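Keeping their order, the protein sequence lines are chains Y and R.
Under our numbering, the first sequence has 77 at position 75, and the numbering climbs by one with no breaks.
Under our numbering, the second sequence has 379 at position 351, and the numbering climbs by one with no breaks.
In case anyone wonders, no lab produced these hints; they're calculated from the structure.
For clarity, every value in this text was computed on a predicted model and none was experimentally measured.
Please note that the accuracy of each hint is not assured.
Here are the simulated lysine-lysine pairs, DSSO-like style, with alpha carbons at most 27 Å apart [claimed, not checked]:
| id | chain 1 | residue 1 | chain 2 | residue 2 |
| --- | --- | --- | --- | --- |
| 1 | R | 752 | Y | 112 |
| 2 | R | 598 | R | 436 |
| 3 | Y | 78 | R | 366 |
| 4 | Y | 196 | Y | 131 |
| 5 | R | 353 | R | 224 |
| 6 | Y | 112 | R | 172 |
| 7 | R | 598 | R | 545 |
| 8 | R | 243 | R | 291 |
| 9 | Y | 196 | Y | 80 |
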Amino acid sequence: MLRATVIVFPGSNCDRDIKVALEGVTGFPVTMAWHGDANVPVSDVIILPGGFSYGDYLRCGAMAAHSPIMRDVVAKAKAGTPVIGICNGFQVLCESGLLPGVLMRNASLKFICRDVLLQVDNAETFFTKCYLKDQVIRLPVAHAEGNYFADAATLDELEDGNRIVMRYCDAQGNVTDAANPNGSQRNIAGICDKTGRIFGLMPHPERLFELALGGSDGRRILESMLLSALEAA
Amino acid sequence: MDATTQTKPEITPEIVAEHGLTPGEYQRLLNILEREPSLTELGIFSVMWSEHCSYKSSRVWLKTLPTSGPQVIQGPGENAGVVDLGDGHACVFKMESHNHPSYIEPYQGAATGVGGIMRDVFTMGARPIANLNALRFGDPAHPKTRHLVSGVVAGIGGYGNCVGVPTVGGETNFDSGYDNNILVNAMCAGLARTDKIFYSAAKGIGLPVVYVGSKTGRDGIHGATMASAEFDEKSDEKRPTVQVGDPFTEKLLIEACLELMDKDVIVAIQDMGAAGLTSSSCEMADKGGVGIALDLDRVPQREENMTAYEMMLSESQERMLIVLKPGSEAEAEAIFEKWELDFAVVGTTTDTGRMVVTHRGHTEADIPVSTLANSAPVYERPWFPPPTPKMILAEWVPAPDTILGALKTMMSGPALCSRRWIWEQYDHMVMGDTVLRPGGNAGVVRVHGTTKGVALTCDVTPRYVTADPVMGAKQAVVETWRNLIAVGADPLAITDNLNFANPERPEVMGQFVGAIKGMVEACQVLDYPVVSGNVSLYNETNGVGIPPTPAIGGVGVIPDVADTADIALKQEGDLLIVLGRERGHLGQSLYQESIAGRLEGAPPPVDLADEIKSGRLVRAIIREGKASAVHDVSDGGLLVAIAEMALAGNLGVEIFPYEGKLPAHAIWFGEDQGRYLLCVDAMRAEEILDRARLLALPARVIARTGGDALVLKGEEPLPLDDLKAAHEAWLTNYMAAP
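Make the full structure from the sequences, and use the hints.
Set out below in C-alpha cells:
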C-alpha cells in the first residue's frame, strides 16, 4: 500500500489535484494535513503541492517553509521519508533548506502556463524509476518563479551526483536554450537530494496523468511512488 | 469632536452633483425621506441609484429578455444565474465588467474584476471552476494600448492563477473605438449541488448579520458612481477610487465560505461588491422583507478614524455579508478563525423595515429598506434606430493579389493573430479538469469526479453590432451557441455584459435597444435564455463613445467528455467538409477591413432556423465520434478557419479549387453565418454529405489533410511553418516593443 500525505498550506491550490491523481493511479487514499498541525501522520511519502502558499508574500515558499508542520516534514525527510515538492512545493523545499538553490522570477518576467518537454536524466530515484533514462516526456508548467539558480559549484555538485532529475529539452532530447521556458540554470526542471528521496519539480505531473486531460506522461511519477513504497515495504 | 457637525454638513447643490445625482433625483430623495439627508444617507442613495447598481437606463429593456426555461434554476436578480446540468449538478455563472477601473489602473482594475465575479459565484454555494474574459483595447498604435494590455493581462492572471481557478477562454479585440475606454469583462462559472444553492434573502427577524473577509479601508469609495459616468481629461485623477485586490485572501474566503456552507447555518449570503456594505445589506434585507440594524463600530477596519460615510461606501475587496441562524455564531467564527479571516457580528435583522446605521453612538442613516432598494428612478430614455446598412455585393470588394497572401496578411495582424501571449499567462489547467484549453472553439472543464463536461465561451463581433445592432447582437448570441455546439455541447443559457456609451444620447440608446431586440430573438428561437448579466454604460470620453459591445457568455453541457471535438487536424488523408450556406458575404468582414482597407455594408445575416438544423447535425456527428476535428467559421471566413485547424494540428491541407459563380475571395473570406468545418475520415464523407442533404443544408468537401503547407491550385503553397511564425509573432513582438 501507499500512505501518502499532502501538506495543505493556506493558498495551496493544487492540493486536491495531486490527491485525485494519486488516488486515481494508485487506488490508495491520500491524507491531507493542515499546515498548522504539529506532526505529519506516518507516511510513505510526503507531498508539498503547487499553489501560492501565503499568497507568495515575502518570497514564494518562504512563509510556508516556516509553517508549524514543516519542522516535522524536515525531520521526517532527514530521517528518510521521501518528499516531493511540486511547483510551489519545490520552492518550499528550497526555502526550507532540504534542497539547494533558489527559484527566481522567470526570465520573461511573466507567469507561464504551457506544456514543456523534459528529459529524464535520472530514472533511478524514488519518484522516477518508472521512466527510462533519457526518455523525453511532456508535462505542463504553470509558474512565475521557476527559474532555478544556484552557484556554479552547487550546479556541478548536482550534476556530478546525478541529482539533476529532469531538464527542459526539445523533441529530440536536446537540452537547448529555446527549450528552456524560464531561464533555469542548465535547463533544470527538477533536482533531488543525495539519496534521491527528496525531489523538487517545477512541472505538474498531476495535470497530465490521464488521456482525458490530453496526456498521461505524469502518471509514471505517481506509479514510481507506489512501486518504490511497495519495494521498501 | 461633535459627531453631529462632522457628519451633518449642509447638503449643497454642489455636493449633490458630486454624488452624481440630478436635481430631480435629489428632489425624489427628499420626498422619500421627508427631510434633508445626512451625508451618509446621501452617499447611500447616490450609490444605490447609480446606473451601475440601479440599471435605471436599461431596466425597461432588460425586462424583455427571455430568462426562463426548464434548464434554469435561477435567472437574473441574484448574485449569478444558475442552470441545471443534470444528476444534481448546477452551473452558477455570470459575467461582469470592470471597464472604468481597468483603464485607470489596469492591473488592479482587471484583477479585482476577476475577484468580484468569482465572489458572485461562490456566494451562491458554487466552487468556481472556470474563468473567461472578453477584452477590448484601442488601436495598437495608440500610445496607451500596450501598457493597458500588459497590465490587464497580468492583473487577470495574477488574481485567477493565485486563487487557483483555470482561465479557459476569452477573446481580445483591438479597435480605435476603445482608445480611451477599454473593456474588461470577466466571466466566472462555478459548480454547485442543485439542493445546496445559497441565496441573498435575509428572511427572519433577530438574525445575526455577520461580516467576514478582509478589513474595510478607504479604497474604492464611489467606484459605482465612477463607473456610471463618462471620462474626461481628469480621469487619471480617479485612481484612488480603484480598489486593490488580494487573491490570497479571496482563496481563503472561498475555502472558508464553502466550509461554512457545508454546515446548516446560513440563512442568506451576499458578497460586498459595487457599493459595498450599503448594497449588500440593503439588498439582503429587502429580499427578505425585513429591516436591518448595522453597528459600524463593529466593522473590522483597516484604517483609523473612518467615518460612517466611508465605511458604507467603501469597495474594499474580499468581503462578504452573511445572515446566520441564531446561535451558530461560534461555529461559524471557528471556521473563519482557522482560515485567518476577520469575522464580526455587525448587525441584526429587524422588524422595522428600516436600515438603521449607527456609529459612535449616533444614528447615521435611517432609511426605509424597501424604498431604498426599489425606488431608484427608471428612465425610458429616448432612442432612435440606427440607419439600416445596405447589403454590398462581393464584386464591389477588390480581389487580393493572391488568396494565400491575403490569408497570411490577415492571420499575422492584430485581428486574427494568435492570442497565445495572453492565455499562456493564465493558468488554464489548475483544478485538474481542463479538457479543452484556450485557443479553440470553447473551453471545456470536467464536472469534478464525473465524465460530464461544462463548455464555456464568450463572443461578440462589435463591428457587426455597430453596423446593425439587431443583427449584430443576434449574431453574438448565435456565435456562442455555435462555439458550444462545435465542442459537442448542449447549449444551456447565457450571461451578458452589455457595454455601451452614454445612454442619454438617443443614438446610443438606439444601439442598446437594437441589441436587446436581436438578443431576444436569438435567445427565444434557440431556447437559450439569459440567466445573469451586467450593463456597463457611459463608456465614453469627451463625447466619443465605444462601439456597441454586447459581450455574450455561453454555457453548455457535454454528457461525456470523451465525446467532444477540438479544432486540430489529426491525420493525413482526412477530408474537410464545410457545412452551411455559402453566400460570399464580405460586408463588415475582416477581409474588407484588413485587405481592402475599409469597413462598410451590412453584417452577414443570421438564419436561426438553419442554425438549429446545422447545430443539431454537427453535435450528433461529434457525439457519434465521426468527426476528428470541428471548427465554426467566424472572423475571417472559411480559409482562416481551415488555417486555424491546420496550425492547431500542425498538419497541412490541400484545398480544392472553388468552381462556383462567386468571386474566389468572397468564398474564401466571406463571413457567412451558420457554418462549420468538419474533419472526417474519407470513408465517411459521403454519409455526412447525405445527412446534410436530408436537412436541406448545403455541404461540400473542400480540402484534404496532408503535407506541411496550405496548398491552393494556381498559387504558391504557403508552408505551415511560415504561417505559424507570422501568426504567433504579431502579439509577442508588439508587446516586446519598447
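Here is how each hint holds up against the structure:
no.	hint	result
1	752(R) / 112(Y)	22 Å, holds
2	598(R) / 436(R)	22 Å, holds
3	78(Y) / 366(R)	25 Å, holds
4	196(Y) / 131(Y)	16 Å, holds
5	353(R) / 224(R)	16 Å, holds
6	112(Y) / 172(R)	20 Å, holds
7	598(R) / 545(R)	41 Å, violated
8	243(R) / 291(R)	24 Å, holds
9	196(Y) / 80(Y)	11 Å, holds
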